[in-house]
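Q: When the letters of the sequence shown are read in order and numbered with this note's numbering, they come out as residues 1 to 200.
In short, the hints are calculated from the structure, not lab data.
Incorrect hints may have been included.
What follows is a list of derived Cβ distance ranges for each label pair [to be verified]:
hint: 1; residue 1: Q55; residue 2: H31; range: 19 to 27 Å
hint: 2; residue 1: W118; residue 2: T195; range: 30 to 38 Å
hint: 3; residue 1: R29; residue 2: Q184; range: 22 to 30 Å
hint: 4; residue 1: R194; residue 2: K3; range: 14 to 22 Å
hint: 5; residue 1: L123; residue 2: S156; range: 27 to 35 Å
hint: 6; residue 1: A164; residue 2: S16; range: 18 to 26 Å
hint: 7; residue 1: H31; residue 2: L64; range: 20 to 28 Å
hint: 8; residue 1: N145; residue 2: Q55; range: 14 to 22 Å
hint: 9; residue 1: N21; residue 2: S175; range: 35 to 43 Å
hint: 10; residue 1: Q153; residue 2: G85; range: 38 to 46 Å
hint: 11; residue 1: H31; residue 2: K111; range: 30 to 38 Å
Derived pair list, reagent style EDC-like, types lysine to aspartate or glutamate, alpha-carbon separation capped at 20 Å [unchecked claim]:
hint: 12; residue 1: K56; residue 2: D198
hint: 13; residue 1: K86; residue 2: E154
hint: 14; residue 1: K139; residue 2: E116
hint: 15; residue 1: K150; residue 2: D24
hint: 16; residue 1: K2; residue 2: D198
hint: 17; residue 1: K150; residue 2: D11
hint: 18; residue 1: K3; residue 2: D24
hint: 19; residue 1: K56; residue 2: E46
hint: 20; residue 1: K188; residue 2: E172
hint: 21; residue 1: K3; residue 2: E160
hint: 22; residue 1: K188; residue 2: E154
hint: 23; residue 1: K139; residue 2: D126
hint: 24; residue 1: K2; residue 2: D24
hint: 25; residue 1: K150; residue 2: E50
hint: 26; residue 1: K3; residue 2: E32
hint: 27; residue 1: K111; residue 2: E62
hint: 28; residue 1: K139; residue 2: D157
hint: 29; residue 1: K139; residue 2: E152
hint: 30; residue 1: K86; residue 2: E32
hint: 31; residue 1: K111; residue 2: D60
hint: 32; residue 1: K188; residue 2: D24
hint: 33; residue 1: K56; residue 2: D132
hint: 34; residue 1: K3; residue 2: D91
hint: 35; residue 1: K150; residue 2: D60
hint: 36; residue 1: K56; residue 2: D157
hint: 37; residue 1: K150; residue 2: D91
hint: 38; residue 1: K2; residue 2: D91
hint: 39; residue 1: K2; residue 2: E32
C-beta: ideal position from N, C-alpha, C; glycine also.
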Amino acid sequence: MKKFITFEGMDGAGKSTHLANFADALRARGHEVIVTREPGGTALGEQLREILLQQKMSNDAEALLMFAARAEHLAQVIQPALAAGKIVISDRFSDATFAYQGSARCMDWAKLQALESWVQQGLQPDLTLFFDVTVAVSKQRLANNVSLDKFEQEQSDFFERVRAGYHRRVAEHPSRYAVLDATQTIEKVALQLRTILDTL
């Protein structure tokens with residue numbers, strides 16, 4: 001059984017909608033499931049989330065704060081839950097940092113890899129579900145949002161780089177990724193997820 005599962009993708013891809021249903025399906029099969037998110041997941045992490053989503057800062061500061069929140073998240077939530085035999089589902093993890101800060105912010109990939117190695121000590125998700133969606137579809141789905149954070153306010157070229165960063169991570173770690181076509185309807189994406197559930 002895969003114990004550490006992450007949901008990744010751009011805003012508007014639908015991952016948060018499907019995450020709750022996925023967790024409920026696992027619970028229905030008798031598993032104890034912890035659902036969490038990044039940045040966030042702890043009291044400190046949620047405070048850092050507000051700063052990260054709203055305040056402008058240097059690219060280095062942004063990446064360092066992401067990993068600071070992750071270090072606390074791992075120590076307080078993820079590692080204790082995994083040690084207790086629970087399934088942990090996180091709405092985003094380090095792949096998002098590589099996509100947003102690495103690819104979209106054009107940061108040195110090696111710097112992020114060094115931080116990843118230090119903070120995660122080799123821990124990677126057992127399974128990452130990547131909800132792949134075009135930038136045009138993402139923008140269309142977010143069009144009615146009245147309150148957008150600083151990332152959601154970025155231009156299309158930023159999100160093209162985010163998507164490219166995710167695809168680079170898929171290429172680097174193909175064995176732990178399941179790529180879902182999130183441009184499809186909610187019902188069709190749910191069918192893809194049911195198939196994945198049956199393989200866990």
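Q: Hint numbers the structure violates, sorted upward?
A: 1, 7, 9, 12, 13, 14, 15, 20, 21, 22, 23 and 33
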